[in-house]
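Chains as they are written, first to last, in my numbering: chain A, 1 to 237; chain B, 1001 to 1235.
To be clear, the hints were calculated from the coordinates, so they are not data collected in a lab. Any given hint could turn out to be false.
Claimed, not checked - DSS-like, lysine-lysine: derived pairs with alpha carbons at most 30 angstroms apart:
| # | chain 1 | residue 1 | chain 2 | residue 2 |
| --- | --- | --- | --- | --- |
| 1 | A | K143 | B | K1121 |
| 2 | B | K1020 | B | K1065 |
| 3 | A | K60 | B | K1020 |
| 4 | A | K129 | B | K1121 |
| 5 | A | K146 | B | K1100 |
| 6 | B | K1106 | A | K146 |
| 7 | B | K1106 | B | K1121 |
| 8 | B | K1065 | B | K1004 |
| 9 | A | K129 | A | K228 |
| 10 | B | K1100 | B | K1148 |
| 11 | A | K146 | A | K228 |
| 12 | B | K1100 | A | K129 |
| 13 | B | K1020 | A | K143 |
| 14 | B | K1121 | A | K226 |
Chain by chain, the residues run as shown.
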Amino acid sequence: MGQITNSFLEAFKLIFSFDPELIEILYLSFEITIIAVLISSFIGIPLGTVLACTRFYFRKAIISIFFALMGLPPVVVGLFVYLIFSRSGTLGWMGLLYSPTVMIIAQIILITPIICCLTFQTIESVHLKYREFFQSFHIGRLKAVKAYIIDSRFELITVILAGFGRSISEVGAIIIVGGNIDHLTRVMTTAIALETSKGNLSLAMGLGIILLLVAVFVNVAMIFIKNKFLNPSNQDL
Amino acid sequence: MLKKNPNINITNLSYSINGKSLLNKISLDISGNGITVILGANGAGKTIFLKLLSGLINSDNGEIKTNSKDFSFRNSAMVFQEPIILRRSVLSNILFVIEKIQPHQKIMASELMDTLGLSGKDNQNAQTLSAGEKQRLSLARALITQPKILLLDEPTANIEPTSTIFIEKVLKRKSSSGTKIFFVTHDINQAKRLANDIIYLENGQVKEYSKGSIFFKKPTTLSAQKYISGIISDG
Chain A
1 MGQITNSFLE
11 AFKLIFSFDP
21 ELIEILYLSF
31 EITIIAVLIS
41 SFIGIPLGTV
51 LACTRFYFRK
61 AIISIFFALM
71 GLPPVVVGLF
81 VYLIFSRSGT
91 LGWMGLLYSP
101 TVMIIAQIIL
111 ITPIICCLTF
121 QTIESVHLKY
131 REFFQSFHIG
141 RLKAVKAYII
151 DSRFELITVI
161 LAGFGRSISE
171 VGAIIIVGGN
181 IDHLTRVMTT
191 AIALETSKGN
201 LSLAMGLGII
211 LLLVAVFVNV
221 AMIFIKNKFL
231 NPSNQDL
Chain B
1001 MLKKNPNINI
1011 TNLSYSINGK
1021 SLLNKISLDI
1031 SGNGITVILG
1041 ANGAGKTIFL
1051 KLLSGLINSD
1061 NGEIKTNSKD
1071 FSFRNSAMVF
1081 QEPIILRRSV
1091 LSNILFVIEK
1101 IQPHQKIMAS
1111 ELMDTLGLSG
1121 KDNQNAQTLS
1131 AGEKQRLSLA
1141 RALITQPKIL
1151 LLDEPTANIE
1161 PTSTIFIEKV
1171 LKRKSSSGTK
1181 IFFVTHDINQ
1191 AKRLANDIIY
1201 LENGQVKEYS
1211 KGSIFFKKPT
1221 TLSAQKYISG
1231 IISDG
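Chain B with its partners taken away, still in its complex shape:
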């Protein structure tokens, strides 16, 4: 039975650089389960929001809490748009993020490689993988830490469909086993495939937060309607 995770409460989260507000007083009560897809045009604040959730940057104001306790960034792992691959073997890349490698983690790494279509490539130089394989490796590396929250910043933006399918499958499986997933994408169809709920950002503000099915059927704001129909360019 799926474990119900506590909600993630975000209150008045703001972030600015040189006086320019990039996120403005975001307040949300997000379900601790499922896949939350973050949509919005370029410059809407999606990546900044993700980086705040991952603890890569600190907010100017506001707070993130789970179950009235401060949000622990240690429970999260992030996959970047451009996969960052260390100059070593595929297996070493996966195991790098673990502090003290236990035998079961080696088995887990092997399983993850199988799941993500990287089996047999343990000792291959990770730099020689294709773009899609590199991104799958990034995901495997994130998953081996067994994060409670997985943050993905346009992970399938520059990769081939096969890798996209692999990644989406794994994310759905992970989500159903209790990992909370935040997924930034520009691909509306992908958002439809994955999203349990959607956060739609515009100019650093949350314009809509709703269930995926509702968002795509009946977006409440004009800008979200335009975004879905492609009138607001995301490219």
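Isolated chain A, as found in the complex:
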């Protein structure tokens, strides 16, 4: 019990003294996560919208594949990306293994299906609701899609936040492709794993507290958006 209390106290000291090591890890964690989420959103939101609004051969099969990909085991993704970017791999010549770039790539592979599928569900429900109305008023496809996105904007923000939450807490894939190298590829989750194994519980705990706060913040933000903007009785548009 005493060890846990001490670890907590040490962790808070680290946080409030703005420990440079901690700050560096935090910075890299957020940098990788934000870039990965942005790229995944740029891919996943249009893809999910297209799948929701269009009809074509193998559409259902593609949707099923994307839903299956939501459950991708991170370590398998890590291994797959490792094999591709390792020296003998297809893209080994790029020399990206054990770099933040390859960590972002692994994150994108993991998050894009989540953002795509959640976008698909959101946009499809709006599309089914509006379809006959748009058809009866001869609303063009582009204008219709724009309306789907605008009218689902708050749901889409929660989709992005869900992707962010998934990404920031990821460890399996990025520890394989990033290698958890100090001052280069060490992020919150990989540092927690390492410091715990080393017995440096104060740093692990400090990072754990911050990670927990981030997770809580993301969930609170999602609940706030849901209550504030997705409640029909609310006045805000």
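Starting from the known structure of chain A, fit chain B onto it as the hints suggest.
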């Protein structure tokens, strides 16, 4: 003076889903003016008929023509039973259906809002309107396109009497200014108030098509007599 619109000629209009016939060889010559009320029990084919007229679905057979020319669905606007309201302001909802908004259309939107009892609600979130106000908004949105044909599928089924009165008033005014109106309802009294002519459907077939006054006084078919007297349930 009221402009006389050409009649709408419907010939052998049929529609089926998975081999089940929902409308069967409907042939009618409908006046291009006035309010045509479509009556019939649930499952009679009223909504399908309206959707065929609006171009939302395509018929298996048959054709709709006006003045020997193919019927243009672009001239029509539809109001649904459940108002579909976009997540934006009342005014934006009305203007959404216009391709390129002209200044006079903004004035027109404002006039329509006044007429339909929505004045002062321009910037209000349309989602926060009452059910009746939402349906009035749907009607305003349909009217701003200045349709030649207005199709309404039980628009007053789930709304309060005040909104029903607003809607009926506007429809009568629009009808007298030359807009052709097709109105589906289960409310016999409303049909009596509005109808210039009545189409009575049963099992996907037109059982009667006559002037409103004649239909309610002397329905020619037994099923129409039963429907009017409430023996054939519409609920």
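Verification of the hints:
1. A:K143 with B:K1121: holds (25 angstroms)
2. B:K1020 with B:K1065: Given that 30 angstroms is the threshold and the Cα spacing comes to 25 angstroms, the pair holds.
3. A:K60 with B:K1020: Holds - the C-alpha atoms of B:K1020 and A:K60 are around 26 angstroms apart, at most 30 angstroms.
4. A:K129 with B:K1121: holds (24 angstroms)
5. A:K146 with B:K1100: Satisfied, since the Cα-Cα distance of roughly 16 angstroms is no more than 30 angstroms.
6. B:K1106 with A:K146: Status holds; Cα separation ~22 angstroms.
7. B:K1106 with B:K1121: holds (14 angstroms)
8. B:K1065 with B:K1004: holds (16 angstroms)
9. A:K129 with A:K228: holds (22 angstroms)
10. B:K1100 with B:K1148: Roughly 19 angstroms separates the two Cα atoms, so the pair holds.
11. A:K146 with A:K228: Between A:K146 and A:K228 the Cα gap is close to 22 angstroms, so the pair holds against 30 angstroms.
12. B:K1100 with A:K129: holds (24 angstroms)
13. B:K1020 with A:K143: violated (35 angstroms)
14. B:K1121 with A:K226: Holds - the C-alpha atoms of A:K226 and B:K1121 are around 24 angstroms apart, at most 30 angstroms.
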